[in-house]
Structure formats: structure tokens, C-alpha cells
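For the record, the sequence lines run as chains W and D. Per full-length UniProt numbering, the first sequence starts with residue 1, numbered consecutively. Per full-length UniProt numbering, the second sequence starts with residue 1, numbered consecutively.
Quick caveat, the hints were computed from the structure, so don't treat them as lab data. Treat each hint with caution, since some may be false.
As the list claims (entries may be wrong) - One side of the interface only, derived from the structure: several residues of chain W facing chain D at Cβ under 7 Å:
1) 11
2) 280
3) 284
4) 334
5) 337
6) 344
Where is the CB? At the ideal position from N, CA and C, for every residue including glycine.
There are 2 protein chains.
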Amino acid sequence: MSPHDRTLPPGAVVLLPVVGVPEVVAGDDLAALLAAALAPLGGLRDGDVLVVSSKVVSKALGLREDVPAEDRQELVLRHSRRVVAERATTTGTTRIVEAVAGPVMAAAGLDTSNTGPTGGVLVLPADPDAAATDLHASLRQHGAVPPGARVAVVLSDTAGRAWRQGQVDLALGSHGLLVLDDLRGGTDADGRDLAVTARAVADEVASAADLVKGKAGGVAAALVRGLGPHLGEGPGARSLVRTGPGDWFGLGRAEAVRAALGAAPATAQAREVGVPAAAPEPDDARGARAVRLALLGHQDARVLGSPAEGYAVHSPDPVLTGRVAARLEVALAGEQVLARVEVRRG
Amino acid sequence: MSPHDRTLPPGAVVLLPVVGVPEVVAGDDLAALLAAALAPLGGLRDGDVLVVSSKVVSKALGLREDVPAEDRQELVLRHSRRVVAERATTTGTTRIVEAVAGPVMAAAGLDTSNTGPTGGVLVLPADPDAAATDLHASLRQHGAVPPGARVAVVLSDTAGRAWRQGQVDLALGSHGLLVLDDLRGGTDADGRDLAVTARAVADEVASAADLVKGKAGGVAAALVRGLGPHLGEGPGARSLVRTGPGDWFGLGRAEAVRAALGAAPATAQAREVGVPAAAPEPDDARGARAVRLALLGHQDARVLGSPAEGYAVHSPDPVLTGRVAARLEVALAGEQVLARVEVRRG
């Protein structure tokens, strides 16, 4: 124990930057580099959580793809299970996806900043929990984990959130940490039931570690000291991913409506209709997209008009006219355009 | 400076639980209670961030409503700007809302656990940034902030996230902290542009503080020591709320489709159609809800069938028949039910 531990009050947690890890390249022994950088901090001790940026793990594993900028979107899709939302930008299409690596995040976590002197795109490990376990085993092989000491490893990555500005770090992979502190069924300090609280400890650890790692400083890892009670065997960080029926936000607002009308994200139909822009768009542009969406697969109908003057739908077949009118109303609502839709009979 | 500060390496951050705050009741001088509890930690120092659970702030401000359980949903709506998603549960309706207090969160942040011996429901301050500023001023008045020292106050609250299991703490209100560390336009360690990174420091601070506060332990506050560079004057935590055009998830997946068909969350139309259940539902239940949604405002049409056998739509008016058929297709897609929709002509 170093002297400062004796002077910290009980319950304190210390976040320590792990400095001195050199630029990592493919094939590097990351555990050896981390062990050396940890030495000035007294090395790893029982109860320590070592939080490592997924970026350096990807670098060490050589998970780099040198694709031209115009192929980046294809690369994102290749590292995605499905697309949650997409918006057109001046440089292409920004997609929020469920990454193969686990989390729902922008661009499947592909990383083009701080990728090292040769540039390229860093991709996430496909199984981040396994990567954390491997790194833990490698640290142990290097003698960096004292005998009998419980030490956890967390792979962190940076992600945006729905409804919040800015990014925070979350736990992409983990080994040896109880990622979820499930207080459901427990009792609160007043003796009443704690109904629905389960703390995502691993994500809070990753966010805390980011406070000392920083983004631009090139600090690849942080040591979180004092979380002993949260260490133990259990599911990895992938278990924190919530998708499927329990996920109420499986598609963005616009994408939910577009998909229900036949233009799911990242399909030919979505491209044909046109993808909403990330920047604010005039009513006319949104209205024109709604018309194309309404007519998707219903090309025999005709739609005239604009948001300002309203729309008129007609076709040789009144059933088709009714169909397209209803589809247009839905599409306009999805585009948040207020406009009247009329039907021309006969 | 206490002795341990001299032994911590540069860049370290320390998370300290602020223990010994007694049960807070309406009218209590929270700043005085916090100042007393901070004394064993050496009091507040330059660069400190004091993270206080919004729960104790609400208690001190008397923001408690004693409503019977059956009126809780009405109370949630009163503390909401709008409803983002809603699901039926065995005990009522769970709603994710944009709270008057700022964030998008379940039940407007209403709190029925650890509310103190008298129970009741704690509500969030309507202006959490102002509450943080008031608390800071009050701490200063009590002499708890040394002359010339920069000290930040963060009000934290617990919230779920889209796509992630478990809750984390976020910054509900703040004073004196640079809540967003905007690295956009900066340069990364390799000299390339950092395109889109803006770190939500205040949220990371709140999450870090939760690691020492815990949920069931009754620790009302934490001191985060070592974040001096992030202190300064700027917008409060409300500026981290992302709603409006920049929010791609302004409605849940099901709600986006339902709203586009005329049954926005928390409306009479949504109740008439029926609110999706939080628990998995059989195809027939979801199909029946899709039919009611398709017929909303179009009661002259008739729909027969089921997901298994497909649906048939007919009415005296072929335009109406077409309308309802298209609406039903969209509604079924919104319910994620695969079923054929036929039109009966004549």
C-alpha cells in the first residue's frame, strides 16, 4: 500500500491516469506496455479496475482498415447488425447502428481520430468482453496481477446518447467486474422496496475513468482504485446492451415511420425516397420526400401540391387513391410537416 | 492541503463520499448540513465539485406531493413537457417524458424510494441549475467556500438510457462547472482534426460520484476533487438536454407510428386504441390494436381477420377502403406484426 491510501477516508475511490503508454502499433504486447506504465502507480492491486480505451486495444490487435473516405459508409454497415437511424450530411450519411461489437452507437464505433501516424480507420473488436478477458490473462502472465488479487479490466469507448448533448465513455467490454448492480428487490434506506433501480456500474466506471484519460491527451488507460465490492465473476459488458423487445427506441422517430411505409434505414427504398438531412430542412424538401415515400410501390397514383397549398391525390383507382392519401398523411406526419391532403375523385 | 494530496500523482481525481448528512426534511438548511459533513474531508477547496443527489435538494425544498398511488400518472404528466414513449404495465402506464426539470427520463424523475419516513412522492426542482446556484450561494454564505476558491455544485439524478440496461447518474443541474468539454475544432494527438467529440463532463462527473454515493446507502453527496481545469462560468446542465430538431429519438419506435396515425402518446386517442404493453404480447393482441389504430377516425370501414389468417378491409367507399388498408399496413408494421392486408371491393 502506498502512503496515500492510508490517508483516504473509507469509501473513497481514486481515478489515476495511466501515463507513459507509447504509441501502440499492431502486434504490440499491450499488457506489457500497460504493466510498465502501471509500475509508477504501484502496479495493480486487489480491487483495482483497469480501464483501457478500446482504441489502443484495436491498435494492438491490428484492427485497422485502410479504406478511402468514400467507402467508409460501406465499412460502417459491415460492422453493424442493423441501422437504427440515418441522416444525410454534407459529406455522406451518418448512421446510428447496433454495432457488431455490441452497443448502439454512431458509425459502429469506427474511429478516424487519434488512429496513429499512419491514419486509417480503427474498428472495434467483434467480441470486446473476450478482448478484456484476453488482456486480463495477458496481464496475469506478465506477473502484473499479484497472486490472489482480484483485478478487473474494462474496455471503454466513447458514445453519444439519445436526448443528451455530448458523448460519455461507456463499457464496451469487461472482465471481472459486476457490470450491473441490481438493487431490484432490495430495500432502500427507509425500508421500502427499491422498485426498479439497477445501476450500470461498468458504464459509470468507464465515464469516471474518462475524466482522467481525456480525449485529446493521448492517455490510453486509467486505474480506478477502491471498487473492490463491485469486482467478481459475472456477465460482461455486452449484457448491458439493450436491444430487441425491451428496447423502445429500436428505430429513430423518422425511421420508424419510414420503415412502416416500406423504406427502412439503409435500404434501396430509403435511398430512393431520400434520407432526411441532419441539418434543418425547409418544409418543401420534407414535403417532397413525404410524397416520394407515399408513392413508394404505388406509382400509378399522382400527387400534386406543396405543404403551403396542401396536396391533392388522384389515380385511376379510388382504392389506390385512398391508399396513397393515407400514406401521404402518415409520411407528412413523420416529416413533421403540417399540410392538408385532399382526394380527387373520378 | 491534506497529506494525501501530496502523494497522489498529477492528474488524479478523488471521489469522496460525503457521509453524515442526517435525514433532510422540508425547510432544512441543506448547505449547513453539507458544510458540517464536509468538515472531516477538510472542507471545500479550490477545484472541488460537490455532487448532491437531487433527492435531498427536493427534500430540503419541500418538493413533496402526497398523492394516492392512482394519481401518480397524472402527477407525472403535470411535471412533463411532453411524452416520448408509454407502455402499459400491470400497475398502470410507464411513461418516458421530457421532464419540466429538463432531461428525458422515466416518470419525470418522480421519486418514491428513499423519500424519508413520511413517504410521498418527491418531485424534481423545476429549475435545477438555479437550485445548484442557490446551493452554491448558500454554501458561500456559510463560509464553506474559502475566499477565492472555485467550487462547483452539481445536482445529480438517476436515469435510464436508450439501448443500455441499468441506470446511471446524470447532471440535472449545475453551477460553476464547464458541463461540455467541446473538443470540436481541436486537434488530436496525431495532429488531425477531432471532428465530432464534445465530452459531457458534467454527466461523467455525476456518474463518477454515484460510484461512491451508491443507491441504497443513503449517502446524499460526493466530493469530486481534482477537476480544477473543468471549473468555470458557463451554461448549466440544462444545456446538455437535447430535444427538438437535433433529437432523432423524440418519440419511441411504436409511438412514432402511432402518432403519425393520430394516436400520440398520452392522448385520448392513444387510450382508445390501447397502449402497447411493456411485457411481450401475443400477435393477436398487437394485431387487434393495429386494427383499432387503422380505424381511428375511419369508423365507417370494417376490418376482419387476424395476424394468422390475414386481414380484409371493406367499406361502402373504395377511397375509404384504400385509406384504411394503408393505415392498417402501417399500424401492423408499427406493431411489428407480419400479416397480409386485402381489400374487398364493391
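Structure-based check of each hint:
Look at residue 11 of chain W: its Cβ gets to within about 4 Å of chain D, closer than 7 Å, so that hint holds up. The closest approach between the C-beta of residue 280 of chain W and any C-beta of chain D is roughly 6 Å, which is under the 7 Å cut-off, so the hint is satisfied. Interface hint at residue 284 of chain W: violated, since its Cβ lies 16 Å from the closest Cβ of chain D, which is beyond the 7 Å cut-off. Among the interface hints, the one on residue 334 of chain W holds; its C-beta lies about 5 Å from the nearest C-beta in chain D, closer than the 7 Å criterion.
Because the smallest distance between the Cβ of residue 337 of chain W and any Cβ of chain D comes to about 11 Å, over 7 Å, the interface hint for this residue is violated. For residue 344 of chain W, the suggested interface contact is broken, since its CB lies about 10 Å from the closest CB of chain D, more than 7 Å.
Taken one by one, the earlier hints fail for this structure at numbers 3, 5 and 6, listed in ascending order.
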